[in-house]
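*Asks:* So the sequence lines, in the order shown, correspond to chains A and B. Under the numbering used here, the first residue of the first sequence carries the number 1, and numbering increases by one thereafter. Under the numbering used here, the first residue of the second sequence carries the number 1001, and numbering increases by one thereafter.
Do not rely on the hints blindly, as some may be mistaken.
[Claimed, not checked] One side of the interface only, derived from the structure: several residues of chain A facing chain B at Cβ under 7 Å:
| # | residue |
| --- | --- |
| 1 | Gln26 |
| 2 | Gln29 |
| 3 | Leu33 |
| 4 | Val45 |
| 5 | Leu48 |
| 6 | Tyr49 |
| 7 | Asp52 |
| 8 | Gly84 |
| 9 | Ser85 |
| 10 | Cys87 |
| 11 | Ser88 |
No wet-lab data here; the hints were simulated from the structure. Glycine residues also receive a C-beta, built at the ideal position from the N, C-alpha and C atoms.
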Amino acid sequence: MERNSHRQLANMKKSLFDQGYLDQEQFTQLEELQDEANPNFVEEVVTLYYRDSARLIQNIEQALAEKNPLDFTKLDNYMHQFKGSSCSIGAKKLKNECTQFREYCRTGNGEG
Amino acid sequence: MGSDCSSVVAEELHVLAVDDSLVDRKVIERLLKISSCKVTAVESGRRALQYLGLDGEKSSVGFDGLKVNLIMTDYSMPGMTGYELLKKIKSSSNLREIPVVIMSSEKVLARIDRCLEEGAQEFLVKPVNLSDVKRLRDIILQGYENDEDKGYQKRKLQDLSPTSSLARDLTPLKSASASASAQQSCLKRPRL
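With the hints as extra help, turn the sequences into a complete structure.
*Replies:* Following this line, the structure appears as structure tokens:
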């Protein structure tokens, strides 16, 4: 039973790595920080990340709603924060999306 | 001696980590703990200055007498950037000796140069990993080793001067070891 869930987990991780959602190197680094004394480290960090991200996303949505005009500086700042924590977690795809988003902010591309 | 510093120094480095990101604070805290460092993590430059006793108010708030041996700060923070924090620390006679490392997810050369020019020990690109932290720790420890060899007498005088801030910093660490070592720590430059 346990072996099954382990295998499932391994498969899930692999597919996330393969699809470029998760950065294998960075995520592995995080896993290495976990040990018997701190068995829930990865879970704790990821939970923090989700909470942080939810807050950021809310802020971003709000900023996007204030359309006229779009406050690119504010959006850029939020994105910077989002990108930063995504990096630490190894959320590669997200990080790349953030970078793209910031490019749009920089060029004042509201449509993007 | 040489490479194996950790066996010589009994105590641990105390690192002050400054980062507005909760996720990053958690990660750096873990990295430091795994590297056998004591960690105090704060969320802003202002908090950091408060902790270090440099914000103009009495140093009693948040200052628990534990000397800080290394400061690791994020560059981009609201309010006071890591660079501004660095400048404040380097312009303080009490604190300028503390090595400051800047961390940033953006590798901007002009930024890196500016920080190094202002006296940063190093500029690390995020995400910071375990080997970065261990390398830093070894460098700082080695620095203490070198000081010991060179500055024995000089340090002794500074340590005992009543007006010196070092005297305050010397608040003995609550170690379990015998008074003999406590005596020793008065004579030698306090390790950590």
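*Asks:* Look at each hint and say if it fits the structure.
*Replies:* Cross-check of the supplied hints:
1. Gln26: holds, 6 Å
2. Gln29: holds, 5 Å
3. Leu33: holds, 5 Å
4. Val45: holds, 5 Å
5. Leu48: holds, 5 Å
6. Tyr49: Hint holds; Tyr49(A) Cβ to chain B Cβ min 5 Å, cut 7 Å.
7. Asp52: holds, 6 Å
8. Gly84: holds, 5 Å
9. Ser85: Result: holds, 4 Å to nearest chain B Cβ.
10. Cys87: With a minimum Cβ separation of about 5 Å from chain B (threshold 7 Å), the hint on Cys87(A) holds.
11. Ser88: At 5 Å from the nearest chain B Cβ, Ser88(A) passes the 7 Å test, so the hint holds.
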